[in-house]
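Just need the whole structure built from these sequences, with the hints factored in.
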Amino acid sequence: MTRPATTEELELIDHGDGGGVLPPPDGGGDDGRRPWPRPEVSRRAFFTLIQLSLAAIVMFFMSLTSAYIVRKGLGGDWQATPIPRVLWLNTLLLLASSLTIELARRKHSGDAAANPLAAEARNARFSQWWTITIALGLLFLAGQLFAWRQLSAAGMFLDTNPSSSFFYVLTAAHGAHLAGGIFALFYVAFRNWKRSRITQETAADLAALYWHFMDGLWLFLFALLTVGR
-5 MTRPATTEEL
5 ELIDHGDGGG
15 VLPPPDGGGD
25 DGRRPWPRPE
35 VSRRAFFTLI
45 QLSLAAIVMF
55 FMSLTSAYIV
65 RKGLGGDWQA
75 TPIPRVLWLN
85 TLLLLASSLT
95 IELARRKHSG
105 DAAANPLAAE
115 ARNARFSQWW
125 TITIALGLLF
135 LAGQLFAWRQ
145 LSAAGMFLDT
155 NPSSSFFYVL
165 TAAHGAHLAG
175 GIFALFYVAF
185 RNWKRSRITQ
195 ETAADLAALY
205 WHFMDGLWLF
215 LFALLTVGR
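Residue numbers for the sequence shown follow our numbering, so the first one is -5 and each next one is one higher.
It should be emphasised that the hints constitute simulated quantities derived from the structure, not laboratory data. There may be inaccurate statements among the hints.
[As the list claims (entries may be wrong)] Quick list of the computed label-pair ranges, beta carbon to beta carbon: (1) L135 to S36: 29 to 35 Å; (2) L133 to V35: 30 to 36 Å; (3) T59 to K188: 39 to 45 Å.
No residue lacks a Cβ here, since even glycine has one placed at the ideal position from N, Cα and C.
Spelled out as structure tokens, the structure:
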């Protein structure tokens, strides 16, 4: 004979707790997403990715450099573009920013669990030097825009002659890539690292590597535009 349902069983069914339905697993949901925190991705994977990206940037600028050299030797319509003096200041700003980002990166290293007070002081110094790096990068971009305005005021535009065209293209391409580096600096400074698959220390190392590369690339382009013009 079938045993009649008791009052308690009927109440469970009425509230949706009966009928043999198992409770949902902890941390899960019906959207298929994995619970946080997700496993971290290895540093090696990120550094491999950034190295491939830098290799692509090198090939891009080498193609522009080759076109610059070939076009310069083709005909007599090449007129050397005057170099705005602000570019010398910009170069110093970018060199200084490589120093500040390296100071910030080194201040961030250390074991936070070993001494929380020391870790808090390191984080404060890291934020200070990192913010200075961002400011120097923004000043560099502002200086590049000022250099363009100086050239346009002197009658040198993108289509004035091949030399001026390459000047605008090379400096604009570098400025766009540097702006991407500034975005990365802001990302490192303001990311919520508790919900990230990469640590802030690794992200800072990657951003510093990219920034040093942008610094070296500008030194090469600046030499090309001054000595090779």
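Exercise. Can you let me know if the beta-carbon spacing of L133 and V35 is within 30 to 36 Å?
Key: Cβ of L133 to Cβ of V35: about 33 Å, so the range 30 to 36 Å holds.
Quiz item: Per the hint of 39 to 45 Å, is the separation of the Cβ atoms of T59 and K188 within bounds?
Solution: holds, 44 Å
Quiz item: Okay, L135 versus S36 on CB: inside 29 to 35 Å?
Solution: With a Cβ separation near 33 Å, L135 and S36 satisfy 29 to 35 Å, so the hint holds.
Taken one by one, the earlier hints all hold for this structure without exception.
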